[in-house]
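**Student:** Single-letter residue listing:
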Amino acid sequence: MSTSLNVKVGNVSLKSPLILASGTCNFGRELSEYYDLSILGGISSKGLTIKPRNGNPGVRVAECASGMLNSVGLQNPGVHYFIENDLDFMKESGAGVIVNVAGHSYEDYIDMVTTLDPHKDKIDALEINLSCPNVKEGCMTIGSDPAAIKLITSKLRALTDLPLWIKLTPNVTDIKATALAAQEGGADAVVLINTLMGMRIDIRTRRPVLTNNTGGYSGPAVKPVAIRMVAECSQVLNIPIVGCGGIADYKDVLEFMIAGASAVEIGTACLVHPSLPVDITEDLEKYCKDNNVELKDLTGTLQRW
Amino acid sequence: MNRKEYRIKLISKEFLNSDTCYLGFECPEIASNAFPGQFVNISAGTVFLKRPFGIASVDKENGIFYIGVKVVGKGTSEISSFEPGLMVDCLGPLGKGFDFDGYDTIILTGGGTGVFPINFAYETLTSQGKNVIVCEGFRNANQVILNKPSYILTTDCGDCGIKGTVIAGLDTIDISEPSKTLICCVGPIPMMKAVASWAAEKNMNCLVSMEQRMACGAGICLCCTVKVKDDGPDGFKNVRCCKEGPVFDSREVVW
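Note that the protein sequences, when read in sequence, are chains A and B.
The first sequence begins at 6 in our numbering and counts up one residue at a time.
The second sequence begins at 82 in our numbering and counts up one residue at a time.
To be clear, the hints were calculated from the coordinates, so they are not data collected in a lab.
One should not assume that every hint holds.
[To be verified] Result set (DSS-like, lysine-lysine): computed pairs, CA atoms no more than 30 Å apart in a straight line:
1. B/310 with B/261
2. A/20 with A/127
3. B/261 with B/274
4. B/155 with B/94
5. A/127 with B/318
6. A/127 with B/324
7. B/324 with A/56
8. A/96 with B/324
9. B/90 with A/256
[Said to hold, decoys possible] Some, not all, of what chain A presents toward chain B, calculated at C-beta under 10 Å:
10. 28
11. 35
12. 40
13. 57
14. 73
15. 76
16. 273
17. 279
[Said to hold, decoys possible] Just the calculated beta-carbon pair ranges, DEER-fashion:
18. A/110 with B/256: 53 to 61 Å
19. B/165 with A/110: 52 to 60 Å
20. B/315 with A/208: 32 to 40 Å
21. B/110 with A/216: 31 to 39 Å
22. A/309 with B/96: 51 to 59 Å
Nothing here was measured: the structure is a model prediction, and the numbers come from that model.
Don't be surprised by glycine CBs; every beta carbon is placed ideally from N, CA and C.
Chain A extracted, bound-state conformation:
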């Protein structure tokens, strides 16, 4: 693989800017039936909690224009099961290992980081999920409040040397305020963005399509929102940004990087085309060769009007 795709997110070196987004790849095992995961910069694990979670009941997905709503609700086997059964697989895949950490309270996040820190030799970064819209407590509740973001980030910062990437919600008035709060708390990077809260209604029954009533909107439709937020935050942050939201081809990756992202996460598009990262990787290599550039040099090169 060409070195022209190598990027860094702070101190974390990745062979490619492409990271599989949390919640769209489980722990990578299923996708290894489709392609060699070692082409990836990283895999962000399914959002993990201390105890296993069954997630939300009923209908969890609704098709939308150029995307989908989901309300999975952080179904996961629990962090202890993950460490026993999935962490080694992720490490051996050859992709960077990003562990997505979720919780319902400050204590949950602290427990999670304390549990994962002893396995730091197998982990490249912790992605702190302060943005899941599909659980009643924690996550987005904390992630909507800059003071809470700063506090939880600083508490976790004191517990580990592992890079802390704070994944933020777009469901706020001012994304710069929440991103700056993460930086002030000691984050190594921010991940922008998680899903946008949405609803669809069955006009026949007048009930929401999702049994959880609301869900998170993702897919190509949300890309302009994510690009705007990356560009805005890029102007005020000193820490790197991992861009996420609606990526479906190599040009989308370039857009995010020009807007200010050091790396990107791809998710919903892989639900439609599981081996899409193979195509995007080839296209990015060709782009770099044709234009005689290294991808990392594109970050933050936006020329505003």
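Based on the hints, put chain B in the right spot on chain A.
**Tutor:** Below, chain B alone, put in the same frame as chain A:
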């Protein structure tokens, strides 16, 4: 590698009734690897997500597999308007199919679009010389598709076959050795629930093919979960219809 993801050609289409069509796609890999109960995920025109369809038949020699599509929404409407020659994206074969091993007689039962996977199971089992009994239920005579003279047929209104649900049809079967007989059901949830109870009363094993709204079909998004019994604190766990299923032991399902 790039396994299980193909760009394939639609080569035949016929309407079985006013809202259901039967499509043939050229894909030797799927035709030769598919097993009854498995499904494919097919791109559906302008809609975002692929749509899952149980495999209805395979022609290994010519590398063709068939699906049945009943128009229920935008995705199925677009797929049913596809014309032969069109190239579509497809994942498959996906999921865990039926395990028929260890039984002398297999009863296949179902209705609705469930008749398509039943057709594939029937063709596979008869080609292996197994003893197969098929019992299918429909609302009325107009809905009857893929029927064969040897099948037990039921309709809700009784305008053809036995009047009643598939249970009325199943009751006509003489089951001499329940432990050597497997019943497989593909149909609407109330039908599968009723068949599961009927099989349990007779101490027969029963496999059901569950359906859930699906996004990826590949086991990575956890959108299509089915509730199954579990010893854990919740008494159940959510497992993926697309990966651990769609075929489940009826006793495992939390109905």
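**Student:** State for each hint whether it applies.
**Tutor:** Status of each hint after checking the structure:
1. B/310 with B/261: Between residue 310 of chain B and residue 261 of chain B the Cα gap is close to 25 Å, so the pair holds against 30 Å.
2. A/20 with A/127: With Cα atoms ~17 Å apart, residue 20 of chain A and residue 127 of chain A stay inside 30 Å; holds.
3. B/261 with B/274: holds (21 Å)
4. B/155 with B/94: At roughly 18 Å apart (the allowed maximum being 30 Å), residue 94 of chain B and residue 155 of chain B satisfy the hint.
5. A/127 with B/318: Satisfied, since the Cα-Cα distance of roughly 29 Å is no more than 30 Å.
6. A/127 with B/324: Status holds; Cα separation ~27 Å.
7. B/324 with A/56: holds (23 Å)
8. A/96 with B/324: Status holds; Cα separation ~23 Å.
9. B/90 with A/256: holds (28 Å)
10. 28: Hint holds; residue 28 of chain A Cβ to chain B Cβ min 7 Å, cut 10 Å.
11. 35: holds (4 Å)
12. 40: holds (5 Å)
13. 57: holds (7 Å)
14. 73: The hint holds - residue 73 of chain A has a Cβ within 10 Å of chain B, the shortest such distance being about 6 Å.
15. 76: Hint on residue 76 of chain A: holds, closest Cβ of chain B at ~9 Å, below 10 Å.
16. 273: Holds. Min distance 8 Å.
17. 279: holds (5 Å)
18. A/110 with B/256: 53 to 61 Å: At roughly 55 Å between Cβ atoms, residue 256 of chain B and residue 110 of chain A fall inside 53 to 61 Å, so the hint holds.
19. B/165 with A/110: 52 to 60 Å: Roughly 58 Å apart at Cβ, these two residues keep to the hinted range, so it holds.
20. B/315 with A/208: 32 to 40 Å: holds (34 Å)
21. B/110 with A/216: 31 to 39 Å: Once the Cβ atoms are compared, 36 Å apart, the range 31 to 39 Å for residue 216 of chain A and residue 110 of chain B holds.
22. A/309 with B/96: 51 to 59 Å: For residue 96 of chain B against residue 309 of chain A, whose Cβ atoms are near 56 Å apart, the range 51 to 59 Å holds.
Comparing the model with each numbered hint stated earlier shows that all of them hold.
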